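Using the hints, position chain B against chain A.
Line order of the protein sequences matches chains A and B.
For the first sequence, position 112 matches number 283 in my numbering, and the numbering has no gaps at all.
For the second sequence, position 103 matches number 127 in my numbering, and the numbering has no gaps at all.
Since the hints were made in silico from the structure, they are not lab data.
As the structure is a prediction and not an experimental result, all values here were calculated from the model.
Glycine is no exception: its CB is placed at the ideal position from the N, C-alpha and C atoms.
Keep in mind that the hints are not guaranteed to be accurate.
[Claimed, not checked] Derived list of chain A stretches under chain B, where covered just means 3 residues or more per stretch with a C-beta under 8 Å from a C-beta of chain B: (1) 208 to 216; (2) 257 to 266; (3) 274 to 280.
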Amino acid sequence: DTGVSQNPRHKITKRGQNVTFRCDPISEHNRLYWYRQTLGQGPEFLTYFQNEAQLEKSRLLSDRFSAERPKGSFSTLEIQRTEQGDSAMYLCASSLLGPYEQYFGPGTRLTVT
Amino acid sequence: GIQVEQSPPDLILQEGANSTLRCNFSDSVNNLQWFHQNPWGQLINLFYIPSGTKQNGRLSATTVATERYSLLYISSSQTTDSGVYFCAVGDGSSNTGKLIFGQGTTLQVKP
Numbered sequence: 172d173t174g175v176s177q178n179p180r181h182k183i184t185k186r187g188q189n190v191t192f193r194c195d196p197i198s199e200h201n202r203l204y205w206y207r208q209t210l211g212q213g214p215e216f217l218t219y220f221q222n223e224a225q226l227e228k229s230r231l232l233s234d235r236f237s238a239e240r241p242k243g244s245f246s247t248l249e250i251q252r253t254e255q256g257d258s259a260m261y262l263c264a265s266s267l268l269g270p271y272e273q274y275f276g277p278g279t280r281l282t283v284t
Numbered sequence: 025g026i027q028v029e030q031s032p033p034d035l036i037l038q039e040g041a042n043s044t045l046r047c048n049f050s051d052s053v054n055n056l057q058w059f060h061q062n063p064w065g066q067l068i069n070l071f072y073i074p075s076g077t078k079q080n081g082r083l084s085a086t087t088v089a090t091e092r093y094s095l096l097y098i099s100s101s102q103t104t105d106s107g108v109y110f111c112a113v114g115d116g117s118s119n120t121g122k123l124i125f126g127q128g129t130t131l132q133v134k135p
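Next up, chain A with everything else stripped away, as it sits in the complex (with noise of 0.2 Å):
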């Protein structure tokens, strides 16, 4: 078991750039989340998936924001038209069914220039 992997690990954009995250979960995990992370602040909950179904999107989660979970295996987390205040970490997390322990990656630090 390697963990929660997440790619790239930091990604620099010019504002209106489309841009994507990948999200590798722990094999067997069946639920993924997407959270958020601006500077000072505790984790934002964005999205997430049981298996491929996503189940719930936050209100932060705008209609430029897009996650696909194909065949319950990897995510992926899609921005478009980014703008500066898109600025953050973005961290994937997973977990067994059920509201169990959840296990972090690394997470994909985004500046939108």
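Just chain B now, kept in the frame of chain A:
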């Protein structure tokens, strides 16, 4: 929604000192986790403790769910303990498993 408050927000210790970090939450929870965020931003799992007491080396944690608080104890602190400690809870009225985080306690251990 459920509220999570951590105290103190900042803590400075001399190496070797003991400390207690507190997490208060406003409603019933079905999950409670303590994390240490390293300088690179990764959240390191310390404890999964929706109730009861656990110990792991110099760290221990206690959650009293009926009184809606959890405590993280760090004994004989080391400089490597420095960083941000987060408490995160799962809303007991929901089975989504999503975590609600507190604002964190920033710990600095001086040599």
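**OP:** Apply the coverage criterion to the region 208 to 216 of chain A and chain B: a residue qualifies when its Cβ sits closer than 8 Å to a Cβ of the chain, and three qualifying residues are needed.
**Re:** holds (count 6)
**OP:** Between the region 257 to 266 of chain A and chain B, see if three or more residues pass the 8 Å beta-carbon test, and mark the coverage as holds or violated.
**Re:** That given contact holds, which follows from 4 residues of the region 257 to 266 of chain A lying within Cβ reach (below 8 Å) of chain B.
Subject >> Check of the region 274 to 280 of chain A against chain B for coverage (Cβ-Cβ below 8 Å, three residues minimum) >> reply: With 6 residues close enough to chain B, the hint holds.
The structure is consistent with each of the numbered hints, conforming to all of them.
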